[in-house]
Amino acid sequence: MAQAAKMPARRVSLLLATRKGLWQLHGDATRRSWRVAGPQFLGHIVHHCIADPRDGKTMLAAARTGHLGPTIFRSADRGRSWHEAKQPPAFGEGSNRTVDHTFWLTPGHASEPGVWYAGTSPQGLFRSEDGGATWRGVAGFNEHPQRKAWCGGDQDGTPDGAKLHSILIDPRDPKHMYIGMSSGGVFESTDAGADWRPLNHGVKADFLPQPDPEYGHDPHCVRLHPLLPDRLYQQNHCGIYRLDRPADRWEDIGVGMPKSVGPIGFPMVVHPREPDTIWVFPMDGTSVWPRVSPGGKPAVYRSVNGGKTWQRQATGLPKSQGWWTVKRQAMTADAGAPAGIYFGTTSGAVWGSRDEGRTWKCLAAHLPEIYAVETM
Amino acid sequence: MTPVRVLVPNPLRSYTRDVATVSAEGGTLADVVGDLDRRYPGIRFRIVDEHGRIRQHIKFFVNGLQVRDLSPRLDRDDEVMIVCALSGG
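Chain order of the listed sequences is X and W. Counting along the first sequence from 1, when you hit position 279 you're at 279 in this note's numbering, and nothing is skipped either side. Counting along the second sequence from 1, when you hit position 34 you're at 34 in this note's numbering, and nothing is skipped either side.
None of these hints come from the bench; they were simulated from the model. No residue lacks a Cβ here, since even glycine has one placed at the ideal position from N, Cα and C. Hints may contain errors.
Stated by the list, open to error - Below 25 Å or equal to it, Euclidean Cα-Cα: the simulated DSS-like pairs (lysine-lysine) are:
1. K361(X) <-> K20(X)
2. K259(X) <-> K308(X)
3. K308(X) <-> K297(X)
4. K59(W) <-> K297(X)
5. K59(W) <-> K319(X)
To be verified - Here are some, though not all, of the chain X residues that point toward chain W, as calculated from beta-carbon distances under 10 Å:
6. P88
7. G92
8. V255
9. P258
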């Protein structure tokens with residue numbers, strides 16, 4: 001691959017949502033030196049924290065504690081001070097469901113400042129039009145006549161609760177959205193969430209009796225390329241997939257992964273500029289699903305041709321006895337050239353690469369289990 | 001309105017500015033929790049869900065006796081104790 005031209009240095013900060021609070025990692029202009037800041041919300045389970053790219057200063061964090069119910073914290077000054085949402089995501093009176101936690105936060109379309117979306121456990125979709133202060137359910141999904149069939153029951157969720165995640169907004173059209181559900185699958189709306197349809201053809205669901213079911217799948221993480229919004233990738237419970245719209249049948253791109261590693265994992269990362277370049281972090285999905293690095297040898301895998309072939313990127317990572325993995329929101333890229341790639345582990349370490357995955361360095365250790373990593 | 005004393009557990013004192021015992025008013029426990037939320041915005045949803053049910057790991061005691069929902073009537077000078085159950089990790 002041609003070496004990318006070096007871009008002017010821009011400082012990167014990482015938002016680290018963990019099982020015990022929120023931390024930040026601040027990089028210097030070269031991305032070689034990093035400083036840990038925090039914690040904030042110590043003792044809170046922070047499932048996600050993300051900055052608003054539309055104004056560069058607003059941040060939302062989804063939090064709860066073991067005892068207390070879920071809420072959303074908002075900052076208008078890049079995390080210096082926080083205020084609680086006046087009306088956090090909650091199901092309506094007609095529902096018998098209760099929001100256990102907000103799992104995923106997505107800033108809305110560039111043309112809709114102040115609009116945010118939230119995905120919850122159990123699966124619910126919520127929208128805020130005032131920068132996260134008050135939230136309302138998206139009735140087109142939460143009250144859809146098929147919702148119960150799409151989402152399944154208590155036995156269809158992930159171990160810590162079924163989740164609605166991967167809320168993707170088409171940068172060309174704020175009414176065009178995708179969501180992912182574990183379980184449920186990938187769904188698409190073209191009318192700002194008023195109606196939805198499954199988008200899962202071609203994706204395996206080997207835990208279901210039907211060979212090609214319409215829904216009921218388990219996408220772990222779905223990404224849309226910001227410069228080529230018709231290109232979707234997903235890391236699924238049963239493999240790695242790519243979809244080029246308007247086609248509606250996903251292509252299995254996990255077949256090129258080494259058999260000894262397999263195509264199972266949680267996160268999926270797309271390159272900020274090159275739609276064919278993606279990263280995954282495989283984990284052991286055999287037997288009883290240990291959900292650790294295969295063989296105790298952590299490695300990132302990158303494809304530069306849309307998933308046709310994959311290269312192992314493990315220089316700097318532990319060569320053995322590394323029994324951790326990376327959760328679905330805990331791996332991301334910055335906008336630098338070359339792109340910086342970052343991931344946080346279930347063992348509380350943050351690893352970074354300033355050369356698109358060729359070499360890795362541990363940027364922080366001894367933090368709580370990391371649930372999400374986002375750049376700011 | 002009926003004023004009652006409310007004992008607030010540590011995890012909720014970020015709402016009460018670290019005050020452990022506060023006053024609230026209402027004829028029922030539900031009214032008192034609603035009044036608490038007016039005085040300390042956001043506190044209700046942390047302990048009671050969107051359907052008015054006490055959250056799984058929260059307990060309410062009225063004058064030392066545990067209650068299972070927010071329906072009990074309260075008298076002047078009753079004491080409401082909110083407890084975070086023994087759970088977590």
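Quick rundown of the hints versus the structure:
1. K361(X) <-> K20(X): 24 Å, holds
2. K259(X) <-> K308(X): Holds, because 15 Å separates the two Cα atoms, which is no more than 25 Å.
3. K308(X) <-> K297(X): 23 Å, holds
4. K59(W) <-> K297(X): At roughly 45 Å apart (the allowed maximum being 25 Å), K297(X) and K59(W) break the hint.
5. K59(W) <-> K319(X): Roughly 49 Å separates the two Cα atoms, so the pair is violated.
6. P88: This hint holds: P88(X) lies near chain W, its Cβ roughly 6 Å from the closest one there, short of 10 Å.
7. G92: 8 Å, holds
8. V255: 40 Å, violated
9. P258: 36 Å, violated
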